[in-house]
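Number of protein chains: 2
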Amino acid sequence: MGSGEGHFCIELENGTKLGGNDLGLEKEPKTIAIEDAVKVLLQGLGEDINREGIKKTPFRVAKALRDGTRGYEQKVKDIVQGALFPEVGLHDGVGHAGGAGGLVLVRDLDFFSYCESCLLPFQVKCHVGYVPSGQRVLGLSKLSRVADIFAKRLQDPQRLADEVCSALHLGINPAGVAVVLQCLHIPFPNPDSKHQGWIKALVSSGSGVFRNKNSDAWGDYMGLLKFRGVTVEKIPTRDSMGNNWCPSYASSEVVAANPGMVAAVASILRSLGEDPLRKELEETPGHFLNWLINFRNTKLNGFTCGIKALLKHDEECSHNHQQIHSELNLPFWSQCEHHLLPFHGVVHIGYLCPEGSNPIENSLLQSIVHFYGFKLQVQERLTRQIAETVSSISGRDTMVVVEAYHTCMISRGIEKFGSNTATIAVLGRFSTDPAARAMFLERIPNSATSGIL
Amino acid sequence: MGSGEGHFCIELENGTKLGGNDLGLEKEPKTIAIEDAVKVLLQGLGEDINREGIKKTPFRVAKALRDGTRGYEQKVKDIVQGALFPEVGLHDGVGHAGGAGGLVLVRDLDFFSYCESCLLPFQVKCHVGYVPSGQRVLGLSKLSRVADIFAKRLQDPQRLADEVCSALHLGINPAGVAVVLQCLHIPFPNPDSKHQGWIKALVSSGSGVFRNKNSDAWGDYMGLLKFRGVTVEKIPTRDSMGNNWCPSYASSEVVAANPGMVAAVASILRSLGEDPLRKELEETPGHFLNWLINFRNTKLNGFTCGIKALLKHDEECSHNHQQIHSELNLPFWSQCEHHLLPFHGVVHIGYLCPEGSNPIENSLLQSIVHFYGFKLQVQERLTRQIAETVSSISGRDTMVVVEAYHTCMISRGIEKFGSNTATIAVLGRFSTDPAARAMFLERIPNSATSGIL
Chain A
1 MGSGEGHFCI ELENGTKLGG NDLGLEKEPK TIAIEDAVKV LLQGLGEDIN
51 REGIKKTPFR VAKALRDGTR GYEQKVKDIV QGALFPEVGL HDGVGHAGGA
101 GGLVLVRDLD FFSYCESCLL PFQVKCHVGY VPSGQRVLGL SKLSRVADIF
151 AKRLQDPQRL ADEVCSALHL GINPAGVAVV LQCLHIPFPN PDSKHQGWIK
201 ALVSSGSGVF RNKNSDAWGD YMGLLKFRGV TVEKIPTRDS MGNNWCPSYA
251 SSEVVAANPG MVAAVASILR SLGEDPLRKE LEETPGHFLN WLINFRNTKL
301 NGFTCGIKAL LKHDEECSHN HQQIHSELNL PFWSQCEHHL LPFHGVVHIG
351 YLCPEGSNPI ENSLLQSIVH FYGFKLQVQE RLTRQIAETV SSISGRDTMV
401 VVEAYHTCMI SRGIEKFGSN TATIAVLGRF STDPAARAMF LERIPNSATS
451 GIL
Chain B
1 MGSGEGHFCI ELENGTKLGG NDLGLEKEPK TIAIEDAVKV LLQGLGEDIN
51 REGIKKTPFR VAKALRDGTR GYEQKVKDIV QGALFPEVGL HDGVGHAGGA
101 GGLVLVRDLD FFSYCESCLL PFQVKCHVGY VPSGQRVLGL SKLSRVADIF
151 AKRLQDPQRL ADEVCSALHL GINPAGVAVV LQCLHIPFPN PDSKHQGWIK
201 ALVSSGSGVF RNKNSDAWGD YMGLLKFRGV TVEKIPTRDS MGNNWCPSYA
251 SSEVVAANPG MVAAVASILR SLGEDPLRKE LEETPGHFLN WLINFRNTKL
301 NGFTCGIKAL LKHDEECSHN HQQIHSELNL PFWSQCEHHL LPFHGVVHIG
351 YLCPEGSNPI ENSLLQSIVH FYGFKLQVQE RLTRQIAETV SSISGRDTMV
401 VVEAYHTCMI SRGIEKFGSN TATIAVLGRF STDPAARAMF LERIPNSATS
451 GIL
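Going line by line, the protein sequences match chains A and B. In terms of full-length UniProt numbering, the first sequence opens at residue 1 and continues consecutively. In terms of full-length UniProt numbering, the second sequence opens at residue 1 and continues consecutively.
In isolation and in its complexed conformation, chain A is listed as follows:
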């Protein structure tokens, strides 16, 4: 980090606090340009930019984007200089160890980066190794810090791996550097509303003794990664992979682009120090808007008829003995209105129904979930809105649990990679009957192992 960027960094550590310190960043032309662009986007989504929940969103987005791309202004030599320690190699004998050979591998470093195809953050698990030479070893944390410089830019996985690899090679001049990245991209909404895991990319890059993937050095490196689901066979070759891991390429919708919104995204790219005409960025405004437009503020929905039909059904048999129906793991996509970043996960719906009555159709519940998901939202409101709507259909007694992974929790200041958020709304009997709540909670499968979050 250049020393001139120090001030900027403090503010990002402080989150949204608007103290005296924030005035510097707030007044910078780049920040103001991004704020203006975000206002155009919010208005394009049909939002009132003075609404309480989103009035500070333009500033929050500007701050997060500038922090998330701070790598453009950082230098590798600032990090590695003073962190190379003298360390002898083997005293005698044939072999490799210490400062003269002997693989050093730091595994399981978590980062996030920004996808250059769609501007959404993606997660990176980084395994970076090198073989020392010149009787010098690098402080272990510096491998992480150098990787972070390149993660904090607009990236695609292969380029990120290549840049980390070559920067370390130039910076510390070792016998070789090897980088393997396991990247996870949030899925785009799909027409079938099926459960869909994260999009994965596995890439590698090597220099020096690791330049050839058939080298002995690669064999050692992969031998130490074998338990992380990484094998040589799984890493695709550069040719087979192409440049389109990002789901925005497969997204069917093509926005009838609002030229103002397209120009706003291009303006954001320029403010981050990028060239919107760079080949890989040409389609980025369209891709980002293809994502964002899903969350426009619309009153259209497809379940009004369904509600009426079911209400009738409910009235007919509301005095019978009741049982809990549940519909679990309905996928949803939403957009955090505080940060204009995705949150994504599953909704579990439980409701009491007269015994023997037909449950509400899965497709209707999924429509309700999508209707309230595809908006600028907060998870608490989403949960309540789904519960109220299902209640109006099923006849009052409803419980909704939403489990979500918030991109803003990894790509903003706190960077809590494994964290996730659960919210509950209860109506009618569920609010007074803990046993009914417990029975419903029991049915919810383990999101940690089901791969949904």
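Hints may contain errors.
Chain copies aren't distinguished; within one or between two, either way the pair holds.
To be verified - BS3-like, lysine-lysine: derived pairs with alpha carbons at most 27 Å apart: (1) LYS213 / LYS234; (2) LYS27 / LYS77; (3) LYS56 / LYS125; (4) LYS27 / LYS234; (5) LYS234 / LYS75; (6) LYS279 / LYS75; (7) LYS55 / LYS39; (8) LYS56 / LYS75; (9) LYS75 / LYS226; (10) LYS27 / LYS75; (11) LYS125 / LYS39; (12) LYS55 / LYS77; (13) LYS125 / LYS234; (14) LYS56 / LYS77; (15) LYS75 / LYS55; (16) LYS30 / LYS279; (17) LYS226 / LYS39; (18) LYS75 / LYS30.
Hint data in this document are derived by calculation from the structure and do not stem from the laboratory.
Starting from the structure of chain A, add chain B where the hints point.
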């Protein structure tokens, strides 16, 4: 964070870079006092404080300790103010949801804290929930930021949970706050050198509707944590737990304390803003020195005889056909000389032996590992030294893999919680025979699932 602390924070982001910006922190009396104390400790360990690897260690330690306890100077209200968003509750009907009830639970937040009993960092997985009231919800990331204020102090698990809980309750005035912490403490060396997992503590704290652990609200909260290995039954009561989860209480060694070193640790406590006479801190210097003294620079060891005996054996039968012997998962403890923080893990040793010959005794290999582990070290050197020593016993052809978890990787700037480091040293035939290396690597069990790292 007070705005006056901003400058301090930049430096910590920058790692060890000594630029113009560092002069502020470097000149502060608190920093200098810690540096002086660390020099006393290093000299007490028999180290030359001008040695290349450790000459900047006093400053690195001072910086890390001040950053790791920055919570003393941070205020909850700076974080929550401006982050409470209006959010209505249910529009009608009986129930809880949105800004008027309806549990919000953020799970799996990773932190580290400093153990007040021994001054070593410990890991915290935090699950923090609350029930909104007053039609206001808190930005989700603020739950993490508030918890971090109290983690960045000298703590014990129960007090940490209580402080996070009561601070959130006062700060956002909800219907209730619930906190569950899963804490992991590095094990102290044990006389039997057995594999030993991390020391675990599971604690909880509740306010408002969560004050009573038999309340319905706790039932809902635990229902959402059920898959994280947390159940109501497992959480010990305050009375049964006591205050001594820290393994320093069970550590058998009692240092014939060097009064200068004791005074140095007390001086560090004072520089961090603590009172060394506070009841919980009275034994801390002794506990910390009980840990640290394991790593004094000594030439004593118990395996010289063993070496001679085995060398003889080797000479007798060095021309026979050879096979790979391996000794896996030998535990080690060491202390990073750059940061005066533990690294800890397992050593795997492979060597070629004439077929039919007896392998080197496990106890001798373990002694070698301990001899080189219990020092101020770097992992690369540790790996090389073990390999060279085993080679001198077994007759040249040796391979050593060290897998370690570095406390400095979680408790300093980069905070990479899951990361771990593997190093390899190869001598003799292992350096020229990739198949032999691969065969040995194949035998190493998965550290990620064996719970060793």
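How the hints compare with the structure:
1. LYS213 / LYS234: Within one copy only: 13 Å inside, 48 Å across.
2. LYS27 / LYS77: between (30 Å within a copy, 25 Å between copies)
3. LYS56 / LYS125: Neither, since 32 Å and 31 Å both go past 27 Å.
4. LYS27 / LYS234: So LYS27 and LYS234 fail the 27 Å test inside a copy (48 Å) and across (52 Å) alike.
5. LYS234 / LYS75: neither (33 Å within a copy, 48 Å between copies)
6. LYS279 / LYS75: within (25 Å within a copy, 47 Å between copies)
7. LYS55 / LYS39: Within one copy, since 9 Å is at most 27 Å while 52 Å is not.
8. LYS56 / LYS75: between (32 Å within a copy, 22 Å between copies)
9. LYS75 / LYS226: The answer is neither: 32 Å in one copy and 45 Å across copies each exceed 27 Å.
10. LYS27 / LYS75: both (25 Å within a copy, 26 Å between copies)
11. LYS125 / LYS39: neither (33 Å within a copy, 37 Å between copies)
12. LYS55 / LYS77: Answer is between; shortest inter-copy Cα gap is 21 Å, intra-copy 40 Å.
13. LYS125 / LYS234: This pair counts as within: shortest intra-copy Cα distance 16 Å, inter-copy 32 Å.
14. LYS56 / LYS77: The answer is between: 19 Å across copies meets 27 Å, while 37 Å in one copy does not.
15. LYS75 / LYS55: Intra 35 Å, inter 25 Å, cutoff 27 Å: inter-copy only.
16. LYS30 / LYS279: within (23 Å within a copy, 52 Å between copies)
17. LYS226 / LYS39: Neither way: LYS226 and LYS39 sit 47 Å apart in one copy and 42 Å across, limit 27 Å.
18. LYS75 / LYS30: within (21 Å within a copy, 30 Å between copies)
Going through the hint list in order, the structure does not satisfy hints 3, 4, 5, 9, 11 and 17.
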